[in-house]
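Required output: the full structure, derived from the provided sequences and hints.
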Amino acid sequence: MTGEIDIEEQKIWALLEEVSDPEVPVLSVLDLGIIRAVKITEPLQKSPFPQDAVQGDLGAVEVTITPTYTGCPAMDMISMNIKLALIEHGYKKIKIISVLSPPWTTDWMTEAGKQKLREYGIAPPKGSVHNQWADPSESNEKIECPQCNSTNTKLISQFGSTACKALYQCNDCKEPFDYFKCH
Amino acid sequence: MNNYLTDLTLHLADTALILAQRNAEWCGHGPILEQDIAITNISLDILGQARNFYQYAAQLKNDGSTEDSLAYLRKEREFKNLLLVEQPNGDWAQTILRQFFYSAYLYLLYQQLQNSKDEQLAAIAAKALKEVTYHQRWSSEWVIRLGDGTAESHQRMLKAIDNLWSYTGEIFLASEYELQAVNEGMGINPFLLKNEWMKKVKEVFDEATLPIPEKIFMHSGGKEGKHTEHLGFILAELQYMQRAYPNSEW
Chain A
0 MTGEIDIEEQ
10 KIWALLEEVS
20 DPEVPVLSVL
30 DLGIIRAVKI
40 TEPLQKSPFP
50 QDAVQGDLGA
60 VEVTITPTYT
70 GCPAMDMISM
80 NIKLALIEHG
90 YKKIKIISVL
100 SPPWTTDWMT
110 EAGKQKLREY
120 GIAPPKGSVH
130 NQWADPSESN
140 EKIECPQCNS
150 TNTKLISQFG
160 STACKALYQC
170 NDCKEPFDYF
180 KCH
Chain B
0 MNNYLTDLTL
10 HLADTALILA
20 QRNAEWCGHG
30 PILEQDIAIT
40 NISLDILGQA
50 RNFYQYAAQL
60 KNDGSTEDSL
70 AYLRKEREFK
80 NLLLVEQPNG
90 DWAQTILRQF
100 FYSAYLYLLY
110 QQLQNSKDEQ
120 LAAIAAKALK
130 EVTYHQRWSS
140 EWVIRLGDGT
150 AESHQRMLKA
160 IDNLWSYTGE
170 IFLASEYELQ
180 AVNEGMGINP
190 FLLKNEWMKK
200 VKEVFDEATL
210 PIPEKIFMHS
220 GGKEGKHTEH
230 LGFILAELQY
240 MQRAYPNSEW
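Going line by line, the protein sequences match chains A and B.
Residue numbering for the first sequence follows numbering that gives the first Met the number 0, beginning at 0 and increasing consecutively.
Residue numbering for the second sequence follows numbering that gives the first Met the number 0, beginning at 0 and increasing consecutively.
Think of the hints as simulated: they come from the structure by calculation, not from any bench.
Now the in silico label distances, taken between C-beta atoms and shown as ranges:
hint, chain 1, residue 1, chain 2, residue 2, range
1, A, 97, B, 232, 32 to 40 Å
2, B, 201, A, 88, 58 to 66 Å
3, A, 25, B, 206, 37 to 45 Å
Just so you have them, the derived chain B footprint on chain A, three or more residues with Cβ under 8 Å:
hint, stretch
4, 62 to 76
5, 91 to 105
6, 145 to 159
Sample of chain B residues lacking proximity to chain A, with all beta carbon distances greater than 12 Å (derived):
hint, residue
7, 111
8, 151
9, 179
10, 217
11, 219
For glycine and all other residues, C-beta sits at the position ideal for the given N, C-alpha and C.
Here you go:
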């Protein structure tokens with residue numbers, strides 16, 4: 000039985016790959032690293048016996064997520080999209096649990112996610128959170144332009160189009176771009 | 000039971016909510032587009048922190064309260080926010096200085112609060128600390144830019160200091176519930192953060208060529224629900240929809 004649940008959970012993880020971040024549609028919730036746990040509480044029993052079909056409709060799952068930013072307005076929409084994706088695949092009872100601890104950092108973002116961000120035109124978070132936040136005044140790492148890869152860039156504003164991004168400009172190709180803040 | 004913990008959580012929630020509301024008043028009125036976006040982004044971060052604290056307070060109260068009822072249906076005397084955050088926006092200098100005083104304090108507070116024995120307060124603080132770090136850096140840079148800027152901007156910073164300094168004393172004056180929370184290993188005594196805060200303010204003011212004011216009379220009472228006349232007007236606007244159309248939803 001445990002084995003079957005494991006397989007079913009694996010399927011849900013695969014399914015979450017299809018749920019994207021509404022603000023940055025190229026990223027899935029898995030790329031972002033905001034899914035903490037998936038737990039099947041009542042498996043979707045595909046009974047081989049038709050007379051058990053009533054039971055076959057059971058399907059309860061708990062998905063634990065964590066917000067990227069405290070005030071991120073996309074979180075409600077992400078929760079809803081996860082629910083919709085699971086409903087589409089036959090689940091009836093879906094519980095989304097939001098946890099704050101341990102806090103999400105950009106280190107939770109996958110390498111694939113960072114690559115997708117770059118291709119999308121957003122400079123991915125650079126470096127690791129741990130050294131960067133030791134001293135808040137010491138975050139002058141050179142950010143790479145996602146258009147021409149030059150590191151000759153300048154910060155325009157610490158706050159960009161969404162809470163998680165800062166606004167930069169490339170001094171070489173002159174293009175402005177968003178930088179996904181490392182935090 | 001655990002009234003002190005509920006009160007402390009509400010104090011943190013109310014302070015965040017009122018400042019978020021004040022900052023949001025700048026939406027569409029910022030001096031330049033980037034800074035309009037910055038101040039409203041900060042407002043959003045702080046509102047998110049307020050929501051986390053309200054959700055937790057509602058859970059602690061366990062009497063049917065929700066994050067919304069706590070924000071929209073409590074009266075002025077029930078709000079425990081710092082007097083500093085309810086002060087009017089004034090000009091950009093005053094808004095910046097208020098933000099700097101608050102962020103410099105929260106940065107120190109959250110650093111300690113993330114080790115609280117209360118797991119939820121610790122989690123909220125750890126999460127919010129990263130955002131507050133940005134707010135502190137941004138507001139410090141603006142204090143320096145304006146203080147060490149033109150004669151006009153320097154003058155406006157002086158006026159802002161004059162208007163706000165007397166509301167900073169209260170931050171470090173521990174309330175009963177803060178002290179009780181300290182005894183239980185859940186809260187932080189704000190008085191113990193005062194020296195560090197003064198050090199930060201002095202460092203930024205020095206660079207901004209601004210003077211630290213002399214010792215003056217300090218207002219207090221916000222933590223116990225005694226507010227300046229401004230809070231009533233803020234709540235009148237903030238709570239209008241729920242008061243006029245009870246239980247309305249978007």
